[in-house]
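Protein chains: 2
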Amino acid sequence: MTQKASVTAAVLVIGDEILSGRTKDANSGYIADYLAKIGIDLREMRVVGDIAAEIVDAVNALRQRYDYVFTTGGIGPTHDDITADAVAAAFGVPISEDPRALRLLLERMKPAELNEARRRMARVPHGAELVENDISKAPGFWIGNVIVMAGVPAIMQSMLDRVAPKLATGAKVVARTIEAGALFEGTYAAGLGEVAAKNPELSIGSYPSFHDGGFHNQIVVRGKDAAKVAAAAEAIEALLSRLVNERV
Amino acid sequence: MTQKASVTAAVLVIGDEILSGRTKDANSGYIADYLAKIGIDLREMRVVGDIAAEIVDAVNALRQRYDYVFTTGGIGPTHDDITADAVAAAFGVPISEDPRALRLLLERMKPAELNEARRRMARVPHGAELVENDISKAPGFWIGNVIVMAGVPAIMQSMLDRVAPKLATGAKVVARTIEAGALFEGTYAAGLGEVAAKNPELSIGSYPSFHDGGFHNQIVVRGKDAAKVAAAAEAIEALLSRLVNERV
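Just so you know, the sequences run in chain order A and B.
All letters in the first sequence, in the order written, are residues 1 to 248 by the working numbering.
All letters in the second sequence, in the order written, are residues 1 to 248 by the working numbering.
Among the clues, some could well be false.
Remember, identical chains collapse to one label, so a pair may be satisfied in a single copy or spanning two.
[Stated by the list, open to error] Dumping the calculated DSS-like pairs for lysine-lysine here, alpha-carbon to alpha-carbon at most 25 Å:
| hint | residue 1 | residue 2 |
| --- | --- | --- |
| 1 | K24 | K172 |
| 2 | K37 | K24 |
| 3 | K224 | K24 |
| 4 | K228 | K198 |
| 5 | K166 | K224 |
| 6 | K228 | K37 |
Calculated directly from the structure, the hints in this document are not laboratory data.
Keep in mind that this is a model prediction, so the values were computed, not measured.
Build out the structure end to end from the sequences listed, making use of the hints.
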C-alpha cells in the first residue's frame, strides 16, 4: 500500500510443540523470505509456549517496537488454542464470537456441525479485521499492527497472501552472494572488515558451513541501494582473487 | 550433574542471515530435541540480528528468567561476529584474549597464521569457562548461566555434547503421540478439553497438518509422570474410538 524508507516486523511463533522439539518450525523461515521479497525488514523472532501470560507479554513487547507483528499458531478449536484470547488481553479489548467469522465457518460446515469447540474459532477481539484463507475457511485476524495467523503452514501461507497487498512496505533489499570457496574466514576477515567499515549502510556477513570434512564460506552483501551493493560485492571479489593469488 | 524438579532454558539465535531468510535455522530445533532428551524444559526461543544492543538486551532478559540460556552464532573471526563482546557487555565484565583459547587455536594453525582476525576468536569475557569443540578448535564459552556456541551446526552440536554432562537437569518429559487420523479437531475438541482439564500437570496438544487435500491430526500428551501420561493417552484413545464409532 504505502511506501516508507524502512518498515520493520517481528514474528511470534506460538506453540509448545516447537519448544518440545516435536515440530520443526518452518513458518518463521517462510515469513522471513516472504517479507524480504516485499520490502519489510524482519528484525526479531520469538517462540513462546501455549501460556497466556507469555503470549501477552511477547505481543506487547513486539508490537511496541516494530511496525508489524506476525503471529502463527494457536487459533484452532482445541483447548490449547489460546492465541485469540491472549491477543485480546494484550490489547485490553473484549473478545466474542464474530458474526463474519461464523458465516465463514458455515461456508464449510453444516449448522449442526458447528459445535461449541468449532465456534471457538469464530472468537475475534473487538476491533479486529478478519484474515481469510483458502484452505480451512477459519479466519485469522488483524488488530492494530498485529496479524494473527494459523500454525498449519498451508493455511498460514494463504493468510499471508491475503494480507500482503494491504501492508506498508519499504525499499526492497538487494542481496549478492559471493562464494569464498575454501578460503578461510580468518584469511579474508581483515579485508572484508575494511569493506564493511566503508559501507556502514550495507549488511555484510560471512557465513561458514562445514561439510565433507571442510569449511565452505559464503559472503553476503545486503542493502537497499543496488549500486552500492554491486560496488561492495566487486570490492570483495577483488579481495578474494588477490588472496587466492597470494596463496599460490 | 544435579537433579531438580524442573530446569528451564531459552535459546537465543544470533544472526542477520536468519532474519533475512538466507539461512534456515536448524540449530534451535536441534537444541529443543536435545534438551528435551536430557531433562531441560525449553521455554522460549529468540532470534535477533547482529546488533550489539539487541544481543545485550536479549541475553539479559533471558538469563534472568531461565536457568540456562544457549546462544548460537556470531563467534567467528569476521567483523559481523560480535557475540562475545555483546555477552561481556551484558554481564558488565571486561573481555580480552584468553591464553587458553589462544592455545586451542594454535593446535590447529601455525603461529604465523594466527592473524589479528583469528585472534578475535580467542576473545573471551572474564570469568568465563571455555566450551571446546571437535571440529574447529575455536571455543565457545560459558559465563554465569549463559552458554555461547557457534552457529555452524556441526560445531554447535559438538559444543553441546561437551556442555551437556555439566548441566543441571530435571525429570525427563515422557511423550505419547496418538493418531487422530481423519477425525476433525472440532469433533474431538470438547472431549479432549475434558481430559486436559482433568490433567493440569500434563501438556496435551492437538496438531493438525494439511496435506494431500485433507487434514491429518495428531494429539500429543507430554508430562513427567509416565503413569499419568499413559492414563491420559488411554482416555484419549477411548474418546477417539467412541467418536469414530458414532460417525459410522
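(Q) I'd like to know which numbered hints this structure contradicts. Please list them from smallest to largest. (A) none
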